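Given the coordinates of chain A, work out where chain B should sit on it, guided by the hints.
Those protein sequences? They're chains A and B, same order as listed. Going by my numbering, the first residue of the first sequence is number 1, and it counts up by one from there. Going by my numbering, the first residue of the second sequence is number 1, and it counts up by one from there.
These aren't lab readings, by the way, just hints derived from the structure by calculation.
Computed spacing ranges between beta-carbons, pair by pair:
{"no.": "1", "chain 1": "B", "residue 1": "253", "chain 2": "A", "residue 2": "86", "range": "41 to 51 Å"}
{"no.": "2", "chain 1": "B", "residue 1": "260", "chain 2": "A", "residue 2": "253", "range": "13 to 23 Å"}
{"no.": "3", "chain 1": "A", "residue 1": "212", "chain 2": "B", "residue 2": "242", "range": "33 to 43 Å"}
{"no.": "4", "chain 1": "A", "residue 1": "331", "chain 2": "B", "residue 2": "357", "range": "21 to 31 Å"}
{"no.": "5", "chain 1": "A", "residue 1": "237", "chain 2": "B", "residue 2": "193", "range": "37 to 47 Å"}
{"no.": "6", "chain 1": "A", "residue 1": "161", "chain 2": "B", "residue 2": "261", "range": "20 to 30 Å"}
{"no.": "7", "chain 1": "B", "residue 1": "292", "chain 2": "A", "residue 2": "281", "range": "55 to 65 Å"}
{"no.": "8", "chain 1": "A", "residue 1": "96", "chain 2": "B", "residue 2": "66", "range": "43 to 53 Å"}
{"no.": "9", "chain 1": "A", "residue 1": "42", "chain 2": "B", "residue 2": "335", "range": "29 to 39 Å"}
{"no.": "10", "chain 1": "A", "residue 1": "310", "chain 2": "B", "residue 2": "358", "range": "18 to 28 Å"}
{"no.": "11", "chain 1": "A", "residue 1": "253", "chain 2": "B", "residue 2": "318", "range": "36 to 46 Å"}
Listed next, the stretches of chain A that the computed footprint assigns to chain B, with coverage defined by at least 3 CB atoms under 8 Å from CB atoms of chain B:
{"no.": "12", "segment": "300 to 311"}
{"no.": "13", "segment": "345 to 358"}
None of these values were measured; they are calculated from a predicted model. Positions of the beta carbon are idealized from the N, C-alpha and C atoms, including for glycine.
Protein chains: 2
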Amino acid sequence: MAATKKNTSALNEKEGVSQPETLNKEIVKHLKNLKKKPQAVGELISGILSQNQAALSRAITIIESTAQKHQQQAKEIIENCLPHANKSIRIGITGVPGVGKSTFIESFGKLLISEGKKVAVLTVDPSSSISKGSILGDKTRMEDLVKEENAFIRPSASGDTLGGVARKTRETIILCEAAGFDVILIETVGVGQSETAVHSMTDFFLLLKLAGAGDELQGIKRGIMEMADSIIINKADGENLKAAKLAKTEFNRALHLYPAKESGWAPKTLLCSAIKNEGISEIWDVISNYFETVKSNGYFQYKRKEQNKFWLLQTIESRLKSEFYANATVKKELEKQLKALNENKTTPFEAAEKLLSIKNN
Amino acid sequence: MAATKKNTSALNEKEGVSQPETLNKEIVKHLKNLKKKPQAVGELISGILSQNQAALSRAITIIESTAQKHQQQAKEIIENCLPHANKSIRIGITGVPGVGKSTFIESFGKLLISEGKKVAVLTVDPSSSISKGSILGDKTRMEDLVKEENAFIRPSASGDTLGGVARKTRETIILCEAAGFDVILIETVGVGQSETAVHSMTDFFLLLKLAGAGDELQGIKRGIMEMADSIIINKADGENLKAAKLAKTEFNRALHLYPAKESGWAPKTLLCSAIKNEGISEIWDVISNYFETVKSNGYFQYKRKEQNKFWLLQTIESRLKSEFYANATVKKELEKQLKALNENKTTPFEAAEKLLSIKNN
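Only chain A is shown next, with the shape it has when bound in the complex (with noise of 0.2 Å):
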């Protein structure tokens, strides 16, 4: 990926502007790459084994991609890359804009890497799509870490539903774990139910967060604490630093209010500055010993299987869903149901029955 970074910024498009005076070059590069006379599936598969990361990027290409032709060979590529996949550990992120992920994660990269990990970075980010300039924004926001040989940046797929943006997100876990990355760090920018998604393809979560003037618990989103293995407060220098500490003890007490976790894991709060590169060998030692517990108890092996079967389930659940409410005939008797339970003519059960009996003639 380094061969392809430029200074050019990805983000120098014009926002709500359709017909944009001048194309990105960066962009324009991607979508010529795309059209590309495809390489052979196996060359692929053995480039992605050799830990080629052009063939790595080339068959994220392919997954990503909707087109009827790219969807038999993705199949091909992750059967083949199935027996060397779920070897690494998965990390996901998640925080706030502007509480520093990036900068996180270009320090903590970057520490893995001096210790001989090999580091993808993944986004999963339902709002991305080219005209929000998210294609390559991530990778010129870690300038750093871009330029490391053992790190694998690649930025969120584009998709309509957050299932659909998910789905490809894990199937390139499996391909970046094949081609030798032992950390996977997945980025969540906090749309939706993103960090649902995340959580649900991780084996450890980090929540960033700043210190703020008292009151640090208002705003976070509903069930996020109760996902987070360890909470991170960034920016802890300076002048920062007091009103950190404070909101490493207000944390700390706030996460002692819920259940303990099946995994007998008591998440932490620790302090660090990104910017400045300290707390962050701290927070690796946090998380090996995390590992190291979950992989004794085995946890760690439990909660992969869960998590394989909730994706299964989920993902047969919704498809059941969205063909049923597909349905023209579905659509219009909803409608109307809808209405008739609004002026109390009907219950919700009846209703049900009159749309299920659409489906079963």
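The following block gives chain B in isolation, referenced to the frame of chain A:
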């Protein structure tokens, strides 16, 4: 109901004895009642609308019945009650066993009746069945309330699934409202997801707690605190009073940590001693205040519409799933695919495709 009340406890059956030596007389009466020649549906409906509790009781039995012949009757009864329903306030009450739910409901119910209200008490208990003795158990627990002419106490419908039990309770609410009950209290026994079910069929959700030895918040089920519109610390009397006051402070602080509610209502913690009848009218003041707030800001009407929609979609989706997984070929293939998943020979998405292709063939 008062007419059928006896001093014999319905709880005297021996647990785990499949052929008890003596049948509980209350249960015998109940079972005989089920076999009685059915009253004409029209008669039952006019009975309900003229606030006859015997007719109401008999109609609920029809709704709870799984017999085919009762289902058409149930439909007719509900349809005729619907135009007269929806005029009550619905209050959900939860708390662990031993917290004093029955005593609280008795004190609270009697206060409401003294203010001219008609009070129906329902229970959602997916674990209930005749052999567990809960068919008449609740009635005998509320010895004073059951004597009141303006009280109607109906234990949980029995059923295999929470969905089934919840459906019957929701339909029972409609009948009670048509029979002129203007306050519906719905107790959950805290089994499985019954709190969520009760929360989604009530306007106000009340969590009963006891003061303990510090660490009050430990052991509260995930999500319950977020659902509560008020937390009541019961048994706040005598030597317990000091601990109860401390618990109140801690709960208030914890409630403050949650994001603001859509209703615009800030949940409140209150003390009471149900057995000594202390603090009950203060609780009713708070609840009355809630209803004033949400009726004037439109949230009351909005929430009821959303709840109807929720139950409609919920019913459809659970039926789609249960029909899919009931298919014998699907069952067999699911087992096979789960095994392949555990051995990393497939992905959740690939496995889902295989299973969905069965349905579409």
